[in-house]
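S.K.: Residues per chain are reported as follows:
There are 2 protein chains.
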Amino acid sequence: MSFTEYPSKLLEDAVNEFASLPGIGRKTAFRLVMYLLKRDSGEVERFGESIIRLHREIRYCSVCHNISDTGICAICSDEKRDRSVVCVVENIQDVMAIENTRQYRGVYHVLGGIISPVDGIGPSDLRIDTLEEKVKAGGIKEVIFALSTTMEGDTTNFYLFRRLGRYNILLTTLARGVAVGDELEYTDELTLGRAINNRNPYHQ
Amino acid sequence: MSFTEYPSKLLEDAVNEFASLPGIGRKTAFRLVMYLLKRDSGEVERFGESIIRLHREIRYCSVCHNISDTGICAICSDEKRDRSVVCVVENIQDVMAIENTRQYRGVYHVLGGIISPVDGIGPSDLRIDTLEEKVKAGGIKEVIFALSTTMEGDTTNFYLFRRLGRYNILLTTLARGVAVGDELEYTDELTLGRAINNRNPYHQ
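Protein chains in written order, with the working numbering: chain A, 141 to 344; chain B, 141 to 344.
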């Protein structure tokens with residue numbers, strides 16, 4: 141057969157790109173591409189460009205490592221936030237989850253992951269040094285460990301406790317309102333809000 | 141609250157674009173964007189560019205209106221295909237579905253839709269004139285109506301029969317192996333292959 145699966149290389153390329161996304165199979169990818177073909181070319185170019193710009197222009201806050209369009213993110217540059225309380229989270233999804241509870245008025249520190257020997261992620265792969273530097277520099281009264289209640293989260297909590305325990309600050313964890321084994325970003329806002337209000341001193 | 145839902149406008153734009161696709165909600169869109177952020181920037185740029193190029197550079201075959209990277213598609217320019225048999229389909233998904241059966245050696249004519257008064261699509265919105273011109277020009281022995289077995293497909297079949305019935309050619313439809321109410325592009329290859337082999341003369 142001279143017929144290849146797709147009548148056009150451009151079409152095939154676009155389908156392959158969509159199919160490379162998690163949870164999107166070839167059939168869905170094809171339907172998405174066919175849908176894009178039917179849209180206005182202006183809309184489709186805007187789509188493509190938003191993806192390209194995302195990677196080219198996105199920046200991370202130099203203070204908390206949260207995603208940001210500017211050098212310092214909106215939370216860190218907000219005068220009303222309490223900079224003496226730092227909430228340590230795994231990623232920016234978790235920042236957004238906690239912000240959505242509207243219960244927290246401190247600032248954040250985004251680790252960029254959690255310690256996971258299975259995935260080959262050790263303490264040096266995370267932004268723990270900059271966290272310790274911040275604490276060492278003074279002005280911080282409390283560090284909240286707001287990591288997922290998984291084995292990896294517990295390991296990271298323990299490691300952070302060892303690193304930060306020597307400084308004269310309060311170390312707390314989220315209240316165990318968050319069900320064990322749950323990913324933080326999927327926890328409902330009520331539970332997560334209660335958990336951050338009922339946070340407890342960290343102990344081994 | 142000074143906090144907007146997303147910490148970055150670039151992020152929000154990209155999420156909005158993904159969420160505009162059919163079957164992708166805001167939560168999924170956000171996860172796809174976060175996944176893209178973790179990938180190599182080269183890969184992500186390729187993704188964005190494949191979407192932009194798709195719309196800018198894609199062409200349609202001047203003979204059958206199938207999607208194509210060249211002026212005449214691979215099927216129409218294939219010397220081994222029988223140009224005296226034309227299979228009329230709704231869209232390019234249906235061309236691909238029939239090609240995948242590997243049962244058909246004729247050529248196609250892509251209507252670009254089917255008559256659907258509910259959606260405001262009439263005969264003049266479809267590529268029916270060019271089909272009639274092809275038939276009038278001669279050399280075509282048979283036109284196969286391979287439309288979905290829905291109300292709209294039946295209406296379109298009837299309309300095509302009225303337009304093409306005056307010419308001395310065989311008009312056929314797919315065998316009723318395709319279940320009534322089914323969309324053509326989701327029919328399994330075995331059924332669709334049998335249906336195209338057992339096609340019957342069209343009668344009102």
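Hints may contain errors.
Identical copies look the same in the list; a pair holds intra-copy or inter-copy alike.
With a straight-line cut-off of 30 Å between C-alpha atoms, the simulated DSSO-like cross-links for lysine-lysine are [stated by the list, open to error]:
{"no.": "1", "residue 1": "276", "residue 2": "149"}
{"no.": "2", "residue 1": "178", "residue 2": "167"}
{"no.": "3", "residue 1": "220", "residue 2": "276"}
{"no.": "4", "residue 1": "178", "residue 2": "149"}
Hint data in this document are derived by calculation from the structure and do not stem from the laboratory.
S.K.: Where does the structure disagree with the numbered hints, that is, which hint numbers, in rising order?
M.R.: 1
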